[in-house]
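*Asks:* Sequence:
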Amino acid sequence: PLRLTASETWGEDFLVPADAEIVIEGHVLADVREVEAPFGEFTGYYGPQRLRPVIEVTAITHRRNAIFQHIFVGHRDNWVLGGLPKEGSLFNLIRGIVPTVKAVHFPISGCCRFNCYVSVDKKIDGETRQAALAALAGCDFVKHVVVVDKDIDVYNEEQVMWAMATRVQADQDIDIIKNAKGNTLDPSQTDDIMTTKMIIDATLPVQKPFAARVQVPKEALSKTRLQDFLTPEELDRVRTD
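Sequential numbering of the sequence shown, starting at 3, is according to our numbering.
Just so you know, not all the hints are guaranteed correct.
Unchecked claim - Computed spacing ranges between beta-carbons, pair by pair: (1) Asp-155 / Gly-28: 41 to 49 Å; (2) His-29 / Arg-5: 20 to 28 Å; (3) Asp-155 / Gln-209: 23 to 31 Å; (4) Arg-5 / Met-196: 46 to 54 Å.
No lab work stands behind these hints, which were simulated from the structure alone. All residues carry an ideal CB built from backbone N, CA and C; glycine is no exception.
All chains, full assembly: derive it from the sequences and hints.
*Replies:* Below is the structure:
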């Protein structure tokens with residue numbers, strides 16, 4: 003069970019975790035706003051100054067040798083912490099609309115916020131647009147959605163870029179959506195709220211012929227044995243590494 007203790011400000015009327023590293027007590031002043039920032043933000047840029055609520059601190063307590071944990075804002079540790087939960091929640095949302103969705107990924111290249119890669123086991127043309135629109139509606143951080151087929155690993159950005167390079171015709175497979183709600187920390191926005199978003203359909207068409215992907219025939223793979231090419235020592239390393 004969580005050990006609790008009386009707060010310095012309100013006593014037994016408001017209990018705080020007894021083993022917390024640091025406890026800050028205070029009152030949020032309902033009608034007071036003051037300028038905050040500029041602070042480094044997840045985008046890797048300094049955010050704009052804005053009016054924000056004020057807290058009047060009444061007490062600060064801490065345990066012996068307390069640890070104050072922070073993050074390196076605008077870098078990988080900051081991005082991943084926010085990206086992982088968004089991937090899960092957005093996957094569940096999209097699956098409720100497009101059951102053929104296979105995976106959702108927020109890559110490091112988009113600060114784990116702005117770019118979203120979605121893979122689908124596409125059955126009919128049009129599913130990809132539905133999945134992309136669901137992604138945009140489900141998370142206002144998302145600016146660019148790339149939808150790929152199930153043969154593309156969304157966690158491998160090189161594969162996603164390959165699909166974009168070989169399966170996309172810009173006049174047919176890219177949609178630009180203007181005047182959508184964005185994120186106020188996006189430095190590229192010219193408006194505090196409104197932004198422009200983009201959908202890239204990097205999937206193969208279902209009802210039209212398309213070139214086959216190069217692959218080693220299964221018959222050839224079945225006849226290939228590593229022991230024909232590696233020494234016993236090398237083979238042992240392959241199995242254990």
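*Asks:* For each hint, tell me whether it holds in the structure or not.
*Replies:* A quick look at each hint next to the structure:
In this structure the hint that Asp-155 and Gly-28 lie 41 to 49 Å apart at CB holds, the actual value being about 48 Å. One distance hint, 20 to 28 Å for the beta-carbon pair His-29 and Arg-5, holds here, with the actual separation near 25 Å. Checked against the given bound of 23 to 31 Å, the beta carbons of Asp-155 and Gln-209, roughly 25 Å apart, stay inside it. Take Arg-5 and Met-196: their Cβ atoms lie about 48 Å apart, and the range 46 to 54 Å holds.
Comparing the model with each numbered hint stated earlier shows that all of them hold.
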